[in-house]
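**Q** Sequence:
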Amino acid sequence: MKKSQVIFLFNTLFIFSPLFSQDEIKSLYNSGLEVGSQAKFDSAHTAFRKVLELDSLYLPAKFNWQVAEDVLSGQLPEAAARCYFRAIQFGQLDSLDKKIEQLDTALQISPDFGLAYNERAICWANKAEYDKAIADYNKATQLLPQWPEIYINLALSCDKSKHWEEAKIAYTRFLELAPSSYDWYIIYARKRLYELQNPDSIR
Numbered sequence: 001m002k003k004s005q006v007i008f009l010f011n012t013l014f015i016f017s018p019l020f021s022q023d024e025i026k027s028l029y030n031s032g033l034e035v036g037s038q039a040k041f042d043s044a045h046t047a048f049r050k051v052l053e054l055d056s057l058y059l060p061a062k063f064n065w066q067v068a069e070d071v072l073s074g075q076l077p078e079a080a081a082r083c084y085f086r087a088i089q090f091g092q093l094d095s096l097d098k099k100i101e102q103l104d105t106a107l108q109i110s111p112d113f114g115l116a117y118n119e120r121a122i123c124w125a126n127k128a129e130y131d132k133a134i135a136d137y138n139k140a141t142q143l144l145p146q147w148p149e150i151y152i153n154l155a156l157s158c159d160k161s162k163h164w165e166e167a168k169i170a171y172t173r174f175l176e177l178a179p180s181s182y183d184w185y186i187i188y189a190r191k192r193l194y195e196l197q198n199p200d201s202i203r
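If you're matching positions, the sequence shown starts at 1 in this note's numbering and goes up one per residue.
I should point out that these hints are in silico values taken from the structure, not numbers from a laboratory. Just so you know, these numbers come straight off a predicted model, no measurement behind them. Idealized CB from N, CA, C, for every residue including glycine. A portion of the hints provided could be inaccurate.
Distance ranges between label pairs, derived from CB positions [to be verified]:
no., residue 1, residue 2, range
1, Gln142, Glu78, 31 to 37 angstroms
2, Glu34, Asp97, 17 to 23 angstroms
3, Lys191, Glu34, 21 to 27 angstroms
4, Gln146, Gln92, 23 to 29 angstroms
5, Asn198, Pro145, 24 to 30 angstroms
6, Ser95, Ala39, 19 to 25 angstroms
Start from the sequences and build out the full structure, keeping to the hints where you can.
**A** See the structure below:
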């Protein structure tokens, strides 16, 4: 398991729809990104909502639906959201530096954009720059304290960089917040937390 990439691993948790294939759902998701990057936020909101109706565990759609929702409700500037959606598109192409550039711009426009910090942290983790990842995850948890997905990512980056105490705190918080549908991640977090609390158990 690549500990720094849990957001991407969340993509593997699917509830299969009898009417739509995963390719069709991914196509709908990508269409949401495209219209979001064009500032067509009503259309993006609709596309991501439809994805979640078909597959409630498609976590990127959850994040992106929230971004579109925040724009439509006036809580997030449109320019910041456009940069965010472009960043996600660059991430799909493994263009991490370009993704970071877009997220930097989004955060300059909207310094309290929690999901942008989370996405930038994912980039840092994938570049093995864990201290930067941890700093961004911590900022994201301050802004979005009820999002378990961010805590598991924080825990994994702390774990990878041997910040054991911080990892224990983050795993614990994830377990407090995670819904039962995240069963695989709950099992992993419980196991890893036990190992950190009882280091002799893995010798």
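**Q** Do the beta carbons of Asn198 and Pro145 sit within 24 to 30 angstroms of each other?
**A** holds (28 angstroms)
**Q** Quick check: does the Cβ-Cβ distance between Gln142 and Glu78 fall within 31 to 37 angstroms?
**A** violated (24 angstroms)
**Q** Using the Cβ atoms, figure out if Ser95 sits within 19 to 25 angstroms of Ala39.
**A** Between Ser95 and Ala39, where Cβ atoms are some 21 angstroms apart, the hint holds.
**Q** Return holds or violated for the Cβ distance of Gln146 and Gln92 against the range 23 to 29 angstroms.
**A** holds (27 angstroms)
**Q** The hint says 21 to 27 angstroms between Lys191 and Glu34; measuring C-beta to C-beta, is that right?
**A** violated (39 angstroms)
**Q** Tell me if the beta carbons of Glu34 and Asp97 are separated by a distance inside 17 to 23 angstroms.
**A** Holds, at about 21 angstroms.
Hints 1 and 3 from the list above are not met by this structure, while the remaining hints are.
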